[in-house]
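Trainee: Residue numbers for the sequence shown follow my numbering, beginning at 1 and rising by one.
In case anyone wonders, no lab produced these hints; they're calculated from the structure.
No residue lacks a Cβ here, since even glycine has one placed at the ideal position from N, Cα and C.
Incorrect hints may have been included.
Stated by the list, open to error - So the derived label-pair ranges between C-beta atoms look like this: (1) Lys307 x Val139: 32 to 42 Å; (2) Lys394 x Glu165: 27 to 37 Å; (3) Glu165 x Phe115: 47 to 57 Å; (4) Trp46 x Glu214: 33 to 43 Å; (5) Ser391 x Tyr13: 29 to 39 Å; (6) Lys300 x Glu12: 36 to 46 Å; (7) Glu141 x Lys295: 23 to 33 Å; (8) Phe42 x Gly170: 47 to 57 Å; (9) Asp36 x Leu313: 20 to 30 Å.
What the hints assert, rightly or not - In silico lysine-lysine, DSS-like type, Cα no more than 30 Å apart, as pairs: (10) Lys148 x Lys188; (11) Lys468 x Lys401; (12) Lys54 x Lys41; (13) Lys172 x Lys349; (14) Lys401 x Lys2; (15) Lys166 x Lys349; (16) Lys394 x Lys463; (17) Lys327 x Lys201; (18) Lys148 x Lys411; (19) Lys82 x Lys136; (20) Lys463 x Lys401; (21) Lys101 x Lys411; (22) Lys82 x Lys104; (23) Lys327 x Lys337; (24) Lys337 x Lys411; (25) Lys101 x Lys143; (26) Lys411 x Lys463; (27) Lys172 x Lys148; (28) Lys2 x Lys282; (29) Lys327 x Lys148; (30) Lys300 x Lys337; (31) Lys201 x Lys307; (32) Lys421 x Lys370; (33) Lys282 x Lys300; (34) Lys201 x Lys109; (35) Lys295 x Lys349.
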Amino acid sequence: MKICFFGIYNPEYSRNRVLISGFQENGFEVVQCRVDSGVGKFLKYWNLYKEYRKIKDEKFDYVIVAFPGHTVVWLARLLFGKEIIFDAFTSLYDSEVFDRKNVKEGSLKAGYLHFLDWSACRMASKVLLDTDEHIKYFVSEFKINRNKFIRVFVGTDTSVFYPREKVGGGDKFIVHFHGSNIPLQGIKVILESARILEQEKDIQFNIIGTKIKEEYESQNFKNVNFIDNVPYGELPGYISQADICLGIFGATEKTQRVIPNKVYECIAMKKPVITLDTPAVKELFSEGEEIRFLKDPESKELVGKIKELRSHLGSVEFRETFISPKKIVEDLISDLKELKIAIVTPIYKQDYLTDTVLDGLIQLQNRGEKIKFFISSNYKSRLPFKFPRLSEKKFIRFSEKADLILFMWGKNNTNYDLVNKINQWQKTIFIDGSELGGNKRLDNSINQSVLKGDYLGLGRVDKEMLEKCTLYFKREKPYLGEIHPFPFGIENSYLAYNKDIKKDIDFTCVFGVLVKAAAGNAGIVY
Numbered sequence: 001m002k003i004c005f006f007g008i009y010n011p012e013y014s015r016n017r018v019l020i021s022g023f024q025e026n027g028f029e030v031v032q033c034r035v036d037s038g039v040g041k042f043l044k045y046w047n048l049y050k051e052y053r054k055i056k057d058e059k060f061d062y063v064i065v066a067f068p069g070h071t072v073v074w075l076a077r078l079l080f081g082k083e084i085i086f087d088a089f090t091s092l093y094d095s096e097v098f099d100r101k102n103v104k105e106g107s108l109k110a111g112y113l114h115f116l117d118w119s120a121c122r123m124a125s126k127v128l129l130d131t132d133e134h135i136k137y138f139v140s141e142f143k144i145n146r147n148k149f150i151r152v153f154v155g156t157d158t159s160v161f162y163p164r165e166k167v168g169g170g171d172k173f174i175v176h177f178h179g180s181n182i183p184l185q186g187i188k189v190i191l192e193s194a195r196i197l198e199q200e201k202d203i204q205f206n207i208i209g210t211k212i213k214e215e216y217e218s219q220n221f222k223n224v225n226f227i228d229n230v231p232y233g234e235l236p237g238y239i240s241q242a243d244i245c246l247g248i249f250g251a252t253e254k255t256q257r258v259i260p261n262k263v264y265e266c267i268a269m270k271k272p273v274i275t276l277d278t279p280a281v282k283e284l285f286s287e288g289e290e291i292r293f294l295k296d297p298e299s300k301e302l303v304g305k306i307k308e309l310r311s312h313l314g315s316v317e318f319r320e321t322f323i324s325p326k327k328i329v330e331d332l333i334s335d336l337k338e339l340k341i342a343i344v345t346p347i348y349k350q351d352y353l354t355d356t357v358l359d360g361l362i363q364l365q366n367r368g369e370k371i372k373f374f375i376s377s378n379y380k381s382r383l384p385f386k387f388p389r390l391s392e393k394k395f396i397r398f399s400e401k402a403d404l405i406l407f408m409w410g411k412n413n414t415n416y417d418l419v420n421k422i423n424q425w426q427k428t429i430f431i432d433g434s435e436l437g438g439n440k441r442l443d444n445s446i447n448q449s450v451l452k453g454d455y456l457g458l459g460r461v462d463k464e465m466l467e468k469c470t471l472y473f474k475r476e477k478p479y480l481g482e483i484h485p486f487p488f489g490i491e492n493s494y495l496a497y498n499k500d501i502k503k504d505i506d507f508t509c510v511f512g513v514l515v516k517a518a519a520g521n522a523g524i525v526y
């Protein structure tokens, strides 16, 4: 198995370190196609293209545009095609306009950042975000289908952050924080708490962050040790000195949507953490486990939590593997597994049976089923939206990789030519909607002929497709043991746009049979 990480990312950034090492630990060969983000705005695209040319003949199971990749997703799409995964990780628009307030809301630059977020997500086949709360924000703000997103917790590199004996600090009770001075961090709440706790002579705060030091060191805190930024590899040494660690306490909306790196890092080192009570952090943690929650970003409440933990350090319990790179990528790989279905549709003709199949697939996707499908080109649907379709060349290529091929009957417009070009009969299922005898199907002589097995009129069994295809579904029971009829009387629970269909054809029964077989072959549990 092979994966390509593509973009202008820093492989040492914690998010990227976790994903790269996680794929390696899950048996993937990792190929990195990247350039330094510091090169000129346009030169980086040329340099990235030159790097791509070195690997263009290699075959990858997945291609991930790593963070930050908003500005290069279009290039990845151009080079690799539609099947790219974009690790958005965060919204540039939200971070710069509302969280850090570096860009004025409503400005031209704000509009550009909004467009970058929107367009990058639209061009990718899947988008990775760190929490469900972040996914909700993207769905609401950028109007992108929920099914495109996968939650991938940040985690941490457990080869760097692991439990160590406490060193240094003497007899002091050390409260540790590392981070920046952006509003999300809530550094003012931390420093106000430190000021209140100055009377507690045994408590000392170690605060790592150059910008924090520059702004606050002159304010003469008696119990705060301000430290400049330290290299990534040295950070565990400082955390190991701590008795407890602090997360984030900002009052911004983004605070509610993220679980910061520092929370994962400190818990991986078995240090209890105090952080703000948010919907995001509750996706993974519960009060009383590794974390204590602050209901409101107020210094007095934080002071109380610090004192409480000082008295109950021995009661804190830690989980072992949930934040490791291997576990995080295991979950991601599971979420990336989709049932891939190629649908050979009638040429140009509108067809109720085909629309019923498409309707059912759309509703299953909306219910959260991991299904990906494409239709062959030149089909006209009655349903009120566009369907994912491919050119003939790309459709044949997709069909070769698909778990299932549905070959739809469509009278004289049945696309026999295309299904023969695909030539993947071991996974092709013919769905034959033809009526025995047409409008005369209830004629006794026709039924007698069907019973004898010598009926050759309209709606007869297609013997060639019966021989070639792995399954053959017929609209009406033809009394032949090797052919599967559509059952009668099944409710249309998978239909949203063809609810009034009263025929004896229902896609529910077809899908119930096909999905189990195809999903089992693909290693997917439904």
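Trainee: For every hint, state whether the structure bears it out.
Mentor: Okay, the hints, checked on the actual structure:
Between lysine 307 and valine 139 the Cβ separation comes to about 41 Å, which falls inside the hinted range of 32 to 42 Å. At roughly 58 Å, the beta-carbon separation of lysine 394 and glutamate 165 lies outside the given 27 to 37 Å, and the hint is violated. For glutamate 165 and phenylalanine 115, the Cβ-Cβ distance of about 51 Å falls inside the hinted range of 47 to 57 Å, so the restraint holds. For tryptophan 46 and glutamate 214, the hinted distance range of 33 to 43 Å is satisfied, since their beta carbons lie about 38 Å from each other.
Range check, serine 391 to tyrosine 13: Cβ separation about 38 Å, and the 29 to 39 Å hint holds. Look at lysine 300 against glutamate 12: about 39 Å separates their beta carbons, and that is inside 36 to 46 Å. For the pair glutamate 141 and lysine 295, the supplied restraint of 23 to 33 Å holds, since their beta-carbon distance comes to about 27 Å. Restraint check, phenylalanine 42 to glycine 170: a C-beta distance of roughly 55 Å satisfies the suggested window 47 to 57 Å.
Here the CB-CB span from aspartate 36 to leucine 313 is close to 44 Å, at odds with the stated 20 to 30 Å. Among the hinted pairs, lysine 148 with lysine 188 is inconsistent with the structure: their alpha-carbon atoms are about 38 Å apart, more than 30 Å. Distance check on the hinted pair: lysine 468 and lysine 401 sit about 19 Å apart at the alpha-carbon level, within 30 Å; holds. This hinted pair checks out: lysine 54 and lysine 41 have alpha carbons roughly 22 Å apart, not beyond 30 Å.
Restraint check for lysine 172 and lysine 349: the C-alpha separation of about 79 Å exceeds 30 Å, so the hint is violated. With a CA separation close to 16 Å, the supplied pair lysine 401 and lysine 2 stays within the 30 Å bound. The hinted pair formed by lysine 166 and lysine 349 fails the criterion: a straight-line CA distance of about 73 Å is larger than 30 Å. A hinted pair counts as satisfied when its Cα atoms are at most 30 Å apart, and lysine 394 with lysine 463 qualifies at roughly 29 Å.
A threshold of 30 Å between alpha carbons decides the hint, and for lysine 327 with lysine 201 the separation of about 42 Å lies outside it, so the pair is violated. At roughly 35 Å between alpha-carbon atoms, lysine 148 and lysine 411 are farther apart than 30 Å, so this suggested pair is violated. Among the hinted pairs, lysine 82 with lysine 136 is consistent with the structure: their alpha-carbon atoms are about 23 Å apart, no more than 30 Å. Restraint check for lysine 463 and lysine 401: satisfied, since their Cα atoms lie roughly 27 Å apart, inside the 30 Å limit.
Restraint check for lysine 101 and lysine 411: not satisfied, since their Cα atoms lie roughly 61 Å apart, outside the 30 Å limit. Taking the CA atoms of lysine 82 and lysine 104, the gap is about 34 Å. The hint is violated against a cut of 30 Å. Of the pairs offered as hints, the one joining lysine 327 and lysine 337 holds, with about 16 Å between alpha carbons and a cut-off of 30 Å not exceeded. Proposed proximity of lysine 337 and lysine 411 is contradicted: the alpha carbons are some 35 Å apart, above 30 Å.
Note on lysine 101 and lysine 143: the hinted pairing holds, with a Cα-Cα distance of about 23 Å set against a maximum of 30 Å. Under the criterion of a C-alpha separation no larger than 30 Å, the hint pairing lysine 411 with lysine 463 is consistent with the structure, at around 16 Å. Only pairs whose Cα atoms come within 30 Å are accepted, and lysine 172 paired with lysine 148 is rejected, the gap being roughly 49 Å. Using a Cα cut-off of 30 Å, the hinted pair lysine 2 and lysine 282 is violated, with the two alpha carbons roughly 34 Å apart.
For a cut-off of 30 Å, the pair hint linking lysine 327 to lysine 148 stands: about 22 Å separates their Cα positions. For the hint pairing lysine 300 with lysine 337, the CA-to-CA distance comes to about 47 Å; that exceeds 30 Å, so the pair is violated. A distance of roughly 13 Å separates the Cα atoms of lysine 201 and lysine 307; the hinted pair therefore holds under the 30 Å criterion. Taken as a hint, the lysine 421 and lysine 370 pair is honoured in the structure, with Cα atoms around 27 Å apart against an allowance of 30 Å.
Taking the CA atoms of lysine 282 and lysine 300, the gap is about 22 Å. The hint holds against a cut of 30 Å. Distance restraint check for lysine 201 and lysine 109: the Cα-Cα separation of roughly 49 Å exceeds the 30 Å cut-off, and the hinted pair is therefore not satisfied. Proximity of lysine 295 to lysine 349 is assessed by CA-CA distance (about 60 Å); at most 30 Å being required, the pair is judged violated.
Checked against the numbered hints given earlier, this structure breaks hints 2, 9, 10, 13, 15, 17, 18, 21, 22, 24, 27, 28, 30, 34, 35; the rest are met.
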